[in-house]
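Colleague: If you want the building blocks of each chain, they are given just below.
2 protein chains.
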Amino acid sequence: MEPIARSPSRTTMVMETIRLRIASRALLPGAKLPSIRKLAAALKVSTSTVVEAYERLVGDGTIQSRPGSGFYVAQHAGATAIPFSVADAGPKRDRAIDPFWVSRQSLEADAQDAKPGCGWLPPSWLPEDGVRRALRTLSRAKSPVLSEYGSPLGLAPLRQLIGRRMGERGIDASPDQILLSESGTQAIDLLCRLLLEPGDTVLVDDPCYFNFHALLRAHRAKIVGVPYTPTGPDIDAFATAVADHRPRLYITNSAIHNPTGAILSPVTAHRVLKIAEQSNVVIIEDDIFADFERSPAPRLAAFDGLDRVIHIGSFSKTLSASGRCGFIAAKPEWIDSLTDLKIATTFGGGRLTAELVYGVLSDGSYRKHLEVLRQRLATTMQTVSTRLQNLGVTPWLEPQAGMFLWCRLPDDRDAADVARSALQRGLVLAPGNAFSLSQSATTFMRFNVSQMQEPHVFDILRDVLSAPHAPKDRP
Amino acid sequence: MEPIARSPSRTTMVMETIRLRIASRALLPGAKLPSIRKLAAALKVSTSTVVEAYERLVGDGTIQSRPGSGFYVAQHAGATAIPFSVADAGPKRDRAIDPFWVSRQSLEADAQDAKPGCGWLPPSWLPEDGVRRALRTLSRAKSPVLSEYGSPLGLAPLRQLIGRRMGERGIDASPDQILLSESGTQAIDLLCRLLLEPGDTVLVDDPCYFNFHALLRAHRAKIVGVPYTPTGPDIDAFATAVADHRPRLYITNSAIHNPTGAILSPVTAHRVLKIAEQSNVVIIEDDIFADFERSPAPRLAAFDGLDRVIHIGSFSKTLSASGRCGFIAAKPEWIDSLTDLKIATTFGGGRLTAELVYGVLSDGSYRKHLEVLRQRLATTMQTVSTRLQNLGVTPWLEPQAGMFLWCRLPDDRDAADVARSALQRGLVLAPGNAFSLSQSATTFMRFNVSQMQEPHVFDILRDVLSAPHAPKDRP
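Protein sequence lines, in the order shown, are assigned to chains A and B. Last residue of the first sequence: number 474 in numbering that gives the first Met the number 0, and the count goes up by one each step with no gaps. Last residue of the second sequence: number 474 in numbering that gives the first Met the number 0, and the count goes up by one each step with no gaps.
So that you can see chain A by itself, here it is in the shape it has in the complex (with noise of 0.2 Å):
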């Protein structure tokens, strides 16, 4: 087959969803590639760009054609290929939307870019002043807290502080059952590590944060979706999702869930632990939106007592990004192992950064912050959901607390071409479809409300929905 020429960018396109699948292990070595008919269609390009795309991927060792059979990926070809489109300092604005499109789209936006479809706050809306203060403590601290490793467990006081916290919330946890991380997702990281092996299945909620699909990618997991409803997973098909796939894990968010902003009723939190229980499943609770809660809502680690349920959380949505730090609670067996882990993978942990964040969290004016900041998003959510409305956005539900709103877009219209369409103004979108396994939010949107004060991002966001679109259902 003689390649085509096409247009270079809709094929270093294609050829670049083929090896971030690689390289986040979605398409193992060995891995039959989609067929060229199902990836144009999945993709919306021509099949002679797949074609291309294809035969170039097999002219650089990437993946192999067999005659009659199809594309395969290459043994190695994560790593001896001579992949990507290379890294020029700017973002990649033509990259395929998958779980990495927001992350990268996001982190690497210039300081000029709106991002609505980031998951963090303003810099503005946190507590910078504790963290100048606690910095300027820092610089006057004793030697070995600003020279040497920290305790495998981590800094003492800080797990002691996070105990207290999570007793207010009803989670019995004692110092020597929290273990410090370098942040909510390497919590989750070292988890997999030690609850694991290649091609178990993990349960998520669908939709639920990207990165749990890139991350559980990385270990190899089967990733099974649970539809989620406004107080929790769709219980019946959890219950079937367990008896059919007999999963490892279950990782979910109880309190303020990403991205829908639902909370857990307390009957869903009871039934999925006891289907857990007749089952086996170990539940990973992620609350690192915990601080952003109006009223305690239930959680899972709370019913459980820490048996089956490991709870996590970290600082970086309420306190700061830049300091990063999180925590693990758990049963101590686990702690044990976990701390190993931790050892073999990072060594000492970052001991400036926990110090940093026991600062902040000791000062306080942080409780102070914290109740601003509740009352200050309370009321964006509401001014941004109006204006949301007026542009025929639909939330899915007006959440109780958090940041994030949930919404249907008008006209069917699907969110990836309306993000593409909204990065060329400069505006950082995060379309449905990248929390949806099932790839059933294509007409879903998350919004950020804090990301949403300058007028013209509802401004972008109007041209962009009026603009002339294809229709949803084309080949």
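What the hints contain is simulated information worked out from the structure, not anything from laboratory work. It cannot be assumed that every hint is accurate.
Said to hold, decoys possible - Here are the simulated DSS-like pairs of lysine-lysine, each with C-alpha atoms no more than 30 Å apart in a straight line:
(1) A/Lys31 <-> B/Lys330
(2) B/Lys367 <-> A/Lys141
(3) A/Lys141 <-> B/Lys141
(4) B/Lys221 <-> B/Lys37
Said to hold, decoys possible - These stretches of chain B come out as covered by chain A in the derived footprint (C-beta under 8 Å, 3 or more residues):
(5) 136-146
(6) 211-224
Claimed, not checked - Beyond 10 Å from chain B on every Cβ pair, some chain A residues (computed):
(7) Pro66
(8) Ala110
(9) Leu125
(10) Arg139
(11) Gly149
(12) Thr267
(13) Gly304
(14) Leu340
(15) Ala343
(16) Leu369
(17) Gln388
(18) Ala415
(19) Ser437
(20) His468
Positions of the beta carbon are idealized from the N, C-alpha and C atoms, including for glycine.
With chain A's structure known, arrange chain B on it following the hints.
Modeller: Okay, now just chain B, sitting in the frame of chain A:
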């Protein structure tokens, strides 16, 4: 078989050893355990102690007995068993000497313990004033520095500075070829995720940094050791190992080898690269001790031009281990895949510690600090070497730089026994076999000369070495 009453601490030690090997993936689910006789000999306990330990591990579901065949690790033993005689606050002084022993003893040591076994400098040897200045500067930084995630590649000015410093060592790397990581260990961990499939073989030096063993086991790699000589790996053994085991990776330190202090010679470097090229072996060159160097030694990455050699470094050893920051320099097509893996497993990197490191490195005083430090280490190395030789402890070579002295103990003393006795006296040592895959360094010990400034260190060493001891080859 009825369990026989035994000293609980020995039984517990055996149980912990097995659980650790399971947690660290040295023993995978379904793997056969060592025979009772073999384990008893290896751990220097009676066979009845091992019998009781195995019985108890069967009892709690960690392992299974198959009559007539032996004992096997249970499926999911690492996670569901009720393991570990839990973490009281203090260090576990009776823990078996495995790759984690030195790490945990060093990281968990009381402030009053002396730690000639640890791998870092005392705080007073580090550029504390520079760190304090950098913290004060950070306390006045712009808001995003204090609040936002780092960019995927990490702080651009720091990557530029690292590139220039690498240039001084003959390695060409543009800032786009440099990815910041949370630490040197995390850099290797990311690379293992990218490059290894479970079951792949990795070559390491024998002896090598003990944590390489733990880290590679966490990646389910098969580890093969190559004897290390004063000028690099034994090149014939290296060639044989490559031919016999077809390794995917070779991990080494070029300049200032840990634990021996040896330096790679140009001729060995050239031969290693030639063999690696012929057999498509990727090399990770861990250069975290670079700043100790007094005259520049050859780097594999300089000869190879970052083609199949990946160069990693960190600032934990000469700047601060509290504010952690490492880096990976590699060919561009690998950096992009690594960036996705970094996002999947840690999301945004720690911006604050990167800013801190940049602040200290770009402060003119850091170079002056290094000059003073190198001189101080050279003087100390000489004094400590003489004092050790007075105790009959013989250096394997006189290192040209760095903090480590790799020494043979007098009278073929078992270094693990000596380390256990010393620990009772508050002295943390690093016995040779923790570094040796072949367990052929029984009579060796690694000494960190910077941690031997207190005269009582030598008093304790003298006492422990002159105490009556069982002959090395008892059963």
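Colleague: Decide, hint by hint, whether the structure agrees.
Modeller: A quick look at each hint next to the structure:
1. Distance hint between A/Lys31 and B/Lys330 is fulfilled; the C-alpha atoms sit about 27 Å from each other, no more than 30 Å.
2. Between B/Lys367 and A/Lys141 the alpha-carbon distance is near 22 Å, which keeps this suggested pair within the 30 Å criterion.
3. Between A/Lys141 and B/Lys141, the direct Cα distance comes to roughly 26 Å. Compliance with the 30 Å bound is thereby established for this hinted pair.
4. At roughly 21 Å between alpha-carbon atoms, B/Lys221 and B/Lys37 fall within 30 Å of each other, so this suggested pair holds.
5. For a cut-off of 8 Å, the count of residues in the stretch 136-146 of chain B with a CB near a CB of chain A stands at 8, and the three-residue condition holds.
6. Restraint check on the stretch 211-224 of chain B versus chain A: 4 residues with Cβ-Cβ distances below 8 Å, three needed, restraint holds.
7. Every beta carbon of chain B lies more than 10 Å from that of A/Pro66, the smallest distance being close to 26 Å; the non-interface claim holds.
8. A/Ala110, annotated as away from the interface, has a beta carbon of chain B within 10 Å; the closest lies near 8 Å.
9. A beta-carbon of chain B is positioned within 10 Å of the beta-carbon of A/Leu125; the least distance is around 4 Å.
10. Annotated as non-interface, A/Arg139 brings its C-beta within 10 Å of a C-beta of chain B; the closest such distance is 7 Å.
11. The non-interface label for A/Gly149 is inconsistent with chain B: the shortest C-beta to C-beta separation is roughly 7 Å, within 10 Å.
12. Every Cβ of chain B is farther than 10 Å from the Cβ of A/Thr267; the closest lies at roughly 25 Å, confirming the non-interface assignment.
13. The beta carbon of A/Gly304 is kept farther than 10 Å from every beta carbon of chain B, the shortest such distance being approximately 15 Å.
14. At roughly 6 Å from the closest C-beta of chain B, the C-beta of A/Leu340 falls inside 10 Å, breaking its exclusion from the interface.
15. For A/Ala343, the non-interface assignment is contradicted: its Cβ lies about 4 Å from the closest Cβ of chain B, within the 10 Å cut-off.
16. Every CB of chain B lies more than 10 Å from the CB of A/Leu369, the least distance being 15 Å, so the non-interface label holds.
17. A cut-off of 10 Å between C-beta atoms confirms that A/Gln388 is not in contact with chain B; the least separation is 30 Å.
18. No Cβ of chain B comes within 10 Å of the Cβ of A/Ala415; the nearest lies about 19 Å off, and the non-interface call holds.
19. Annotated as non-interface, A/Ser437 keeps its C-beta farther than 10 Å from every C-beta of chain B; the closest such distance is 20 Å.
20. Distance to chain B confirms A/His468 as a non-interface residue, since its nearest Cβ pair spans about 30 Å, more than 10 Å.
Checked against the numbered hints above, the structure violates hints 8, 9, 10, 11, 14 and 15; every other hint is satisfied.
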